[in-house]
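**Q** Protein chains in written order, with the working numbering: chain V, 1 to 679; chain L, 1 to 679; chain Z, 1 to 679.
Here are the computed distance ranges between Cβ atoms for each label pair:
#1 L/P96 with V/Q262: 41 to 49 angstroms
#2 L/K29 with Z/Q513: 14 to 22 angstroms
#3 Z/E545 with V/N669: 57 to 65 angstroms
As a list, the in silico EDC-like pairs of lysine to aspartate or glutamate whose alpha-carbon atoms are at most 16 angstroms apart:
#4 Z/K383 with V/E525
#5 Z/K420 with L/E364
#6 L/K178 with V/E55
#7 Z/K178 with L/E55
#8 V/K420 with Z/E364
#9 Z/K209 with L/E364
#10 L/K650 with L/E613
Beyond 10 angstroms from chain V on every Cβ pair, some chain L residues (computed):
#11 R332
#12 G377
#13 A540
#14 D579
#15 A617
In case anyone wonders, no lab produced these hints; they're calculated from the structure.
Positions of the beta carbon are idealized from the N, C-alpha and C atoms, including for glycine.
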Amino acid sequence: MNFNVDERLLHGGDYNPDQWLDYPAVIEKDFALMKKAQINTLTLGVFAWSALEPEEGHFDFGWLDDIFDRVNQMGGNVILATPSGARPQWLSEKYPEVNRVDERLQRHTHGFRHDHCFSSPVYQEKVRIINTKLAERYGNNPALAMWHVSNEYSGTCFCDLCQANWQQWLQSKYHTLKALNDAWLMSFWGGTYTDWAQIKVPSELGSRKVHGMALDWHRFNTAMTIDFFDAEVKPLRAANPAIPVTTNFMAEGPNGDFIPLQGIDYGAFAKHVDVVSWDSYPQWNNNFEPLAETAMKTAFVHDTFYGLKNQPFLVMESAPSRVNTAVAKLKRPGVHALASFQQLAHGSEGSLYFQIHASRANSEKFHGGVIGHDGTGDTRVFKEVAAYGERLTQLKGLRRTTRKPYVAILFDWDVLWAQKREAAFGRDRKRYFQTLEDHYNFFWQHDIPVAVQPVDHDFSQYDLVIAPMLYLMRPELMARLQAYVKQGGTLVSSYFTGIVDEHDSVYLGGWPQSLQETFGVALGEFDSVYPGEHNRVSFAGQTFETHDYNQLITAKAAQVLGQYENDFYAGTAAVTQNDYGTGHAYYIGPRTGRDLLNKLYDGLPVVQALTSEQLAAPNAAVSIQTRQGEAGTFVFIMNFSEQAQTVTLKQALVDAETGAALSGTLALNPYQVVVAKEG
Amino acid sequence: MNFNVDERLLHGGDYNPDQWLDYPAVIEKDFALMKKAQINTLTLGVFAWSALEPEEGHFDFGWLDDIFDRVNQMGGNVILATPSGARPQWLSEKYPEVNRVDERLQRHTHGFRHDHCFSSPVYQEKVRIINTKLAERYGNNPALAMWHVSNEYSGTCFCDLCQANWQQWLQSKYHTLKALNDAWLMSFWGGTYTDWAQIKVPSELGSRKVHGMALDWHRFNTAMTIDFFDAEVKPLRAANPAIPVTTNFMAEGPNGDFIPLQGIDYGAFAKHVDVVSWDSYPQWNNNFEPLAETAMKTAFVHDTFYGLKNQPFLVMESAPSRVNTAVAKLKRPGVHALASFQQLAHGSEGSLYFQIHASRANSEKFHGGVIGHDGTGDTRVFKEVAAYGERLTQLKGLRRTTRKPYVAILFDWDVLWAQKREAAFGRDRKRYFQTLEDHYNFFWQHDIPVAVQPVDHDFSQYDLVIAPMLYLMRPELMARLQAYVKQGGTLVSSYFTGIVDEHDSVYLGGWPQSLQETFGVALGEFDSVYPGEHNRVSFAGQTFETHDYNQLITAKAAQVLGQYENDFYAGTAAVTQNDYGTGHAYYIGPRTGRDLLNKLYDGLPVVQALTSEQLAAPNAAVSIQTRQGEAGTFVFIMNFSEQAQTVTLKQALVDAETGAALSGTLALNPYQVVVAKEG
Amino acid sequence: MNFNVDERLLHGGDYNPDQWLDYPAVIEKDFALMKKAQINTLTLGVFAWSALEPEEGHFDFGWLDDIFDRVNQMGGNVILATPSGARPQWLSEKYPEVNRVDERLQRHTHGFRHDHCFSSPVYQEKVRIINTKLAERYGNNPALAMWHVSNEYSGTCFCDLCQANWQQWLQSKYHTLKALNDAWLMSFWGGTYTDWAQIKVPSELGSRKVHGMALDWHRFNTAMTIDFFDAEVKPLRAANPAIPVTTNFMAEGPNGDFIPLQGIDYGAFAKHVDVVSWDSYPQWNNNFEPLAETAMKTAFVHDTFYGLKNQPFLVMESAPSRVNTAVAKLKRPGVHALASFQQLAHGSEGSLYFQIHASRANSEKFHGGVIGHDGTGDTRVFKEVAAYGERLTQLKGLRRTTRKPYVAILFDWDVLWAQKREAAFGRDRKRYFQTLEDHYNFFWQHDIPVAVQPVDHDFSQYDLVIAPMLYLMRPELMARLQAYVKQGGTLVSSYFTGIVDEHDSVYLGGWPQSLQETFGVALGEFDSVYPGEHNRVSFAGQTFETHDYNQLITAKAAQVLGQYENDFYAGTAAVTQNDYGTGHAYYIGPRTGRDLLNKLYDGLPVVQALTSEQLAAPNAAVSIQTRQGEAGTFVFIMNFSEQAQTVTLKQALVDAETGAALSGTLALNPYQVVVAKEG
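So that you can see chain V by itself, here it is in the shape it has in the complex (with noise of 0.2 angstroms):
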């Protein structure tokens, strides 16, 4: 088996049978239950390296051939992990250099997940081995369907070796210390370096206040996780190269934000893999939204995972119910079928879930699993996770099929990193993706797919393209951009765009050339307000409030369509629209709640354009995602509301897993979904 070549959507999960050694019967039940389920997809041995290698250098695999052996007896898929994201005790306990260093210059003992140094010529070697091992022994097994490399790389060291990689590195980057001095502006605070061992790790002991540094760490770290990721990877491709391999990304939501991990940058690593994969905990049935609006932030995440090779990707975790945070709130009933079927809907081949049978103890025992304690099949939970799977089998076509939009989100890590530096201006209130996601939102109620796309990519197809708090460009990105609308594009942009390079330092002599002419306008100064401040934009008519930021603008070639109201700067321009080549630039000065961008891009003709194609008229509490491939297109109508809704049918559609026909008004109950094709 592998992921390419089989037909059937994914549906299974971590499996953790190192914990269940002792509980044959366990296992046995387990696998029943799985086929009850509809499950033919197992990941395997995420954390079993101390199983796998109980001592150095002795290897048990035999438990592990048990499983392969009856995964294979029920037709399914194995994910094999390999095992770096927790090493054994054996390992930390003979070689402490495997342990991280961490922001205090204190090295760690053995004691968590994902705590090993990168750098440790040790760890490369013991992770080499035991990967070789894995791909040996099961490479070629007919159960395989992907490498799951390591287990949601995350963190950093500040050992002595992870201190001379990040000199070496810095040193392959800038060459001369006057061009890093120069890149950093060490002789600001008097701290030019005259010799690369001074350059420290920036630990909570150094320095942490050198804009360049900080993002060059930041650059680093990744480097140094992908690095590691590709020796990982050698000797799973050496043993044999069909089987493509990934590694599980993350999103993150302290305080009910949920946006990508921002500690890595995946545009960067996603080019490393051959299928992006991700891990998916949104905040379901919370009480400080409506379900909506967690709706539109999973899709947000899920369009910016599938944007990053803009392919299918993988869901290679989600609960089944209960989260093991600080609420674990049930998952309401229908809520598991409505989260599993957007995941296909925004590009996803399938359902994973952490985990099949919940652990029995130790720090995740109440993440609920498909199987819980009780060990039945009789649960709310098992039922419905049986009945989802029983819906995936109807929908035969979908694997491979991709999504089509016409409209980009631009994004880019270089540019969090350093507005989150950044102590002005309010470090926690920059929001940079959460500011994203309030220009996606408009997109999203109004079921018109989404690009979401690292700056790098090219976007010149696209009907507009949105790139609002672009803080750190690149010249050949504004030229991009440039050529982009000359050509006739439609581009949005705001404040905080182009402010710096890709050092952090600020551009001289004014904003950038080529964003003055791309969008008609000078920039004057930028006033940065108080929580709670408030000034006020005319636009369309209508009167918007503004908060942290407004900047302030100078009208060139530019049309006015807003204006501020108050303050000393009342009168002057808010928002503007140039007409440039055969396109347009729109720029807005201050940050506005969602309402004013409703408003901006209602009124846009490319948009009013997009929304003509429209399946059905939008229901803000019902998403429409489409999915086009040689079977056809799949409709996903999606209810996110606890309310009965109605969607009006543009067109004519097929149930795609009765047959029947769609047309006219079609009802929804409450969290229900609709896969439909078009006719």
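Got chain V sorted already, so can you dock chains L and Z onto it with the hints?
**A** Relative to the frame of chain V, chains L and Z by itself:
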């Protein structure tokens, strides 16, 4: 003298002449004032090591001899402390191993009391020497009433010596690594140990997420503390086995709480002391709750400490007025006697203060003393203490009388620790001890005495056993509870009961069979909701709001008393009653306010029987507590309010102080206490 | 040139050509723009060590020579910094001892300015060498106006060298361990020292609870800082004793406060500088208070720094608009001149900025410069600076004029430190400096100049002395206050006065006798209440609310002006007046709002006399301040509001800039400043 033979109620407290050795006139005057205040007991030597052994091996007992002489002259008691709570500077300096290593594995310098390593052989030996010296010199002094071993034992050390003890303790407990790996489920995240030496202390640089380890670490620290205590006691007992030993336990109260110290299992520790004593610092006259609520919380702690040995205890420290905290508000006139009589009412053998003469400097200088910085007897505080001392002399025969409760509330530090380590369901929302308080509250308000009991106590003699949130339960306890009900007992329990075994490992296969039989229910899903979210329960003709937790229940043999009103489990059981054997078992699914608990208890037949035995009709602001013994039954009638109150007596009483007859309506001034005896 | 002989008001600020050495055109243009902005003073070399000594012992002064030449050509002043505020990387690398050890006893790597050990002999020697080089090269340069020694001295180090200095410093102070043990009451918690080597630095791993030690640690750090400063100055004076030396002091303002830096005793430090200078960054145009409140707070700090030497000072840094903080809001048009004139009004000899040209990168790149990132003179900020510079040239004769206050407010860093270490009564509620501000506010609002004075200054010449919350008092100060009142002075004090001696040890035997005589009262209990709790005081026919603290008072010789209304001390004295000798002493028992203070001051005969001398009827939004000298009396009339205001002049004035006559009603535009002279 000896605590066991003295017939007087103890009155006095910590006296620190070692702070006044250069002020002989102060000491002279202090003794005169003590006499005036009817002080008969001095706790000496609590932090006197550096005064007793100013240089290693050179001892100076002269000043202490002098104080002993003075106490003997006044016919008083000495409670003599061993000085291990604060080591001398020379000891820390010469033997750094005696200083603790903290959670970041850094060795402390001398700096703070209670900061010594329990594992240090040097420290153990130095303590043995000084304790032996004290025991030999004062063990048979006629004034010696009790040993006060060390002071407020607490805290942990993470040094290599402690780590070796930890590994040794684990080896003694589990015998094999396989047993330990299994108990902690170390295969989760691949952390299986292959050598005992791999098991590090759970420092911040290591592992803090393994639930079983975290639980054992608490147990280990309790065991270490007790071992140290036992070693301290040995030379004391050798010198004079007749003198009882105690150590002062604590309560803690961040954020308005007031509960027993969470760090040490006092249930286990109490088995090693002759007399339980504790330091009581409630926040009297605060602004966040009525005085009666403060009184109820304090009563709960008193009853917890009484229950540890089911015998009278001793309040070792309390504040005559101001406590050295962030607010340090004065106790209002009359509150001192009120709070002190409450100590007696719940079983204390006297009232002791920290301290008799306020320190003139250093970190507790504004903690109030009986004698303040003015050094006189002219203050309101001194006068109130003296008046209380005078009243104490009237209560002849109170010593050694006991309490006779018919209701038991079970509790367990293991449960507290296991729940607090668990991230899911909200670490800070568990509030185990506070939930017990919610149950306790009903009985306190109705003047029904309660025995707060560790789970390993025999509870078969009680009419009613209350055991909510017993998250961690051993099968043996389940069996005892089952037998208790079967044989006619009434049992009340709730959500979060019987979930994990002694290793914090979830019981597999559903809720344990014996609990299902006892309560006649099976448990369904557990819904943990967001703060601010509520379900409602209809019960006994009323509706009650739930919060935090809603345990879904399937009634089997049980009858349903209350049902959820909302959400997808509307109409299912929320409160049940199972008539089992000749007894009754009640199960409460959701967390509710005290309103539902009050309603439930109010309707229990067993409670109604107890209510009929009350001495007076309940008044929520007035607490009535009794102690019984050879000298008869003492009845404490305490007005915990700023208003005058009346109490309607159901039987005639006699004022224990004045001999006046009391019957019918008894009028109480604000804060007034009447101590009566049954006629 | 020299600060003492230049007649011009200083205008300019930090200029960092070492950041622009590769941009000669920028430097060229900067000087042209400076001329345009009437800039006459450049602060050079603040962080230039690495540019001046790029390798150990190899110096490069060429670039600085060039800048000096340019300044000489423009007839300007240089304020030349010694560069010790930020050491070169090679120094940190080669001599790790120069890097500080932090509160957790960990050695820092190079990472931050102001992070060097004051005790390091290597650092001292390296600073001596570079300072000597600078002094020899530029000490007699005609442009040199002043030395700017280091930068914003602050912070502490916990290394072994500092620990040895600490022990030495203590030994010099106390001579015997007995004296030290007694002063700190080390017998409390048994910590008596028996060897000087036992006295560790109060790190987080050691002792932070000994009040006397904590207080001495603050003093020691002030002494260390001054010693370091004195050593820095030595080579400067040697080269040219005529050039005055200063170092830039600071204010701080977390949470909306704006008060002098709390970490260093500037009262002691000021004795070592020739001119006091400071860096002034108020939060102008914030959203949490009226502009007049911000102005009052800033005025208080100005007056504090003026008062240190009772002579004109210099604002060394201020922001032309945006400050590099979390909000970084723009100053509104006109506020720049308003804030800058206020500096002059309170005694500054000019207005200097940080910085003249904004840095293009690194951690303060968004702190506004006179010249922004655009590099032009076209911005609003530049134009406002230039316009202000132009106005400065009109104010001939203002230099060296002085202030003539008749009211003194006493303050003491010892008091601040002692109160802040004290846990009881709420560490964060003490708000000592802010309480002084509450008293100061009355006089600011009434345009009555105030001398804010360290307690060791002679205050006998003032008509009114305000000395609230003088918690720590030496007997000598009590005697001076007593003599002051006896001889006819008016004194106001409050709760928290005269409680502890210089070692933070409580005065025994009641409130000190001399205070009792001066105020004619004895003190009773001190009631510290919960936030949100209030008593009320009836005073002068009104009722005022109290909070935090209620000191109970027994009036002896004093008459009672105000009484508590509630609680058990209702009816007792709250505010008293003692007519003693020929003077009057007022004591305020509770903490109240400004309302009671205003009422009290409004009624004082001495205040009424001062009010009659006002130049104009007070307007709460308009501040009037005067400076007097040979050239006459300058009157600054400043409208600190967004509204037009009028002021009714009691005497005729002349506009100092235009020569126009001013009398009767003077109309002021929003933010307008009129500088007048007496006719």
